[in-house]
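Participant: Heads up: the sequence lines are chains P and X, in that order.
Mapping to the working numbering: the first sequence position 103 is 103, numbers consecutive.
Here the working numbering = 1-based position in the second sequence + 1000.
Hints were generated in silico from the structure; no laboratory data involved.
As the structure is a prediction and not an experimental result, all values here were calculated from the model.
Fair warning: there could be bad hints in the mix.
Said to hold, decoys possible - Here are the simulated DSS-like cross-link-like pairs (lysine-lysine), alpha carbons at most 27 angstroms apart as the crow flies:
(1) P:Lys173 <-> P:Lys183
(2) P:Lys220 <-> X:Lys1298
(3) P:Lys70 <-> X:Lys1141
(4) P:Lys183 <-> X:Lys1141
(5) X:Lys1007 <-> P:Lys64
(6) X:Lys1007 <-> X:Lys1204
(7) P:Lys220 <-> P:Lys183
The lines below spell out each chain.
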Amino acid sequence: MKNRYSFGGDEHLFVECSEEMSLEAFFKSLSMTNAIRESGIRGVTEICPANASFQIKFDPDIIKPDDMLKEVRAIEEQAARSEPVIGTRIIEVPVFYQDPWTHETLMRFRERHQDPKSTDIEYAARINHFATVDEFIAAHSGAPWFVSMVGFVAGLPFMYQMVDRPRQLEVPKYLRPRTDTPKLTVGYGGCFTAIYSVRGAGGYQMFGITPMPIYDPEQKTSYLRDFLVLFRPGDIVKFRPIGREEYDQAVADVSAGRFTPAMSDVTFDLREFQKDIDGYNARLEGAIHGR
Amino acid sequence: MGAKVIKPGLATTVQDLGRPGYFHLGIPIGGAMDRLAMRAANMLVGNDEGAAGLEAVFVGPELEFTVETTVAVTGAEMPIFVDGEEKPGWTAFRVKAGQMLSFGYLKSGARVYIAVAGGIDVPTALGSRSTYAIGALGGYKGRPLAAGDDLPIGRGGTVKEGRSVPEALRRMPGKPAEIRVLPGLYWHRVTEEAQTAFYEDTWKVAPEADRMGYRFRGGRALSFVPREQPFGAGSDPSNIVDSCYPYGSIQVPGGTEPIILHRDAVSGGGYFMIGTVISADMDLIGQMQPNMPTRFVKIGMDEALSARRERARLIDRIRQSLN
């Protein structure tokens, strides 16, 4: 996997690790951006990892674009020799699948959908060859996800599931984007799941909603007081299906300042993961509640 | 104490020179779209160049001052009035407590920058006073101004009334606007024919033009080099595996209408990009109105860097002219 380098104007270096999505490409993007951050290259102002690529914003008054390119190329060589291991966090996200709010919204935009006669999740289950929606939910919530990019808008995580290619779920985006998506909708487009951090337009299929805020510009949510955005690229997320009662309880707990997301620090080793994906994921999940 | 918003204008926001450092979390740099005009307005009233002022697009606000202060308005050409008496643009003038600042119809350009001695003293969020409206962050309560808002103004120094930025040092887009572009990113995805057509055609600014991005219409649709779409990219030939978007990058969804991302850019997404507007020309986009004819000019990195130096020299000359 060789990087492709291109300048985005005079202030950005754009690096594509791979044209297609894979855990290896994401891992390369993440470990290179970590290495660039650690190297403290003068003139670097922003380091943005994405799914299978990344971007460095720099000040060309401080470092010439060609020198920036040389520095990052050197890090690619160094990264190729380094251990594919990162320290990160695993976070459990409760999801109320097929909730009434995303349902109401998706019904309003049926004419923009591939299949106006079914719901988003029914459609997704069918085209991914699941017999029932429940089986689809079991697949979506069964294996964890890497936060492969945070962005589009403030604090929105894009996640890629930690399973091999044949088990990847794939769904197209809406034919025409909706003008509305409830805040905290769990959506899906291409091979990525996302959580909408704010209410707004969107094109991802809508599967459910989480009671757990992930962006709070007022920093009133108990676990977002120190920083307004929850997710960071490289975080591992595990979805846990919940019902209405638990959802309502969690919403009440959040507003009372009693809600604490289940999370813990973990180490991720790509080689160990590839040897036994399901076994490795089971061990990661065990770490959520400190087991 | 400061100024009361009587009429807010169309979308008037508090802006400074932005909030770098959080693009990896989807929070864009923001700040004045026309940074040169914002800096010049601040210089005129004796502020730090990065002080917060107001950015008003197409329609100016009406503000009633509750303190005596110095004000300067730069950027777009729009008649400026204090209690109905016209004041010159790009020039410092005094406003007394109780007086009303208002604006006439826009003549050219798109955005005016209003600087007040002492700056608009809203709290900082992540190190900046810029308004990021989608994220309800910064500025005045995270949103554009509304009638009845009370704008706090910081303590300003004393500056001479009447000092002005010479006309030769003001920078506005020509007609057609010429925007310089460094090709790259996914430039190789379109055919040679499309690469030529993009720079030959005259485009027009579409109505969908705001702080997030400017859309263009009227040029020929781009044709793609055929390929099997990579896993995770999506089925349209203009789709890529979602990547970061540089500020100024030009994406062309479906190959039809180019969109240039600006200061409030979305940080990433799944559309290919054919290149990036050079940093020196980003200010100009902030002064373009819908329907404005636009040509894209292909340049290389050396030219991009010399244009950048030229813009920096221009800002230096503004500084010197006011000292």
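Participant: If a hint holds in the structure, say so; if it doesn't, say that too.
Facilitator: Hint check:
no. : hint                    : result
1   : P:Lys173 <-> P:Lys183   : holds, 18 angstroms
2   : P:Lys220 <-> X:Lys1298  : violated, 48 angstroms
3   : P:Lys70 <-> X:Lys1141   : violated, 43 angstroms
4   : P:Lys183 <-> X:Lys1141  : holds, 19 angstroms
5   : X:Lys1007 <-> P:Lys64   : violated, 46 angstroms
6   : X:Lys1007 <-> X:Lys1204 : violated, 30 angstroms
7   : P:Lys220 <-> P:Lys183   : holds, 17 angstroms
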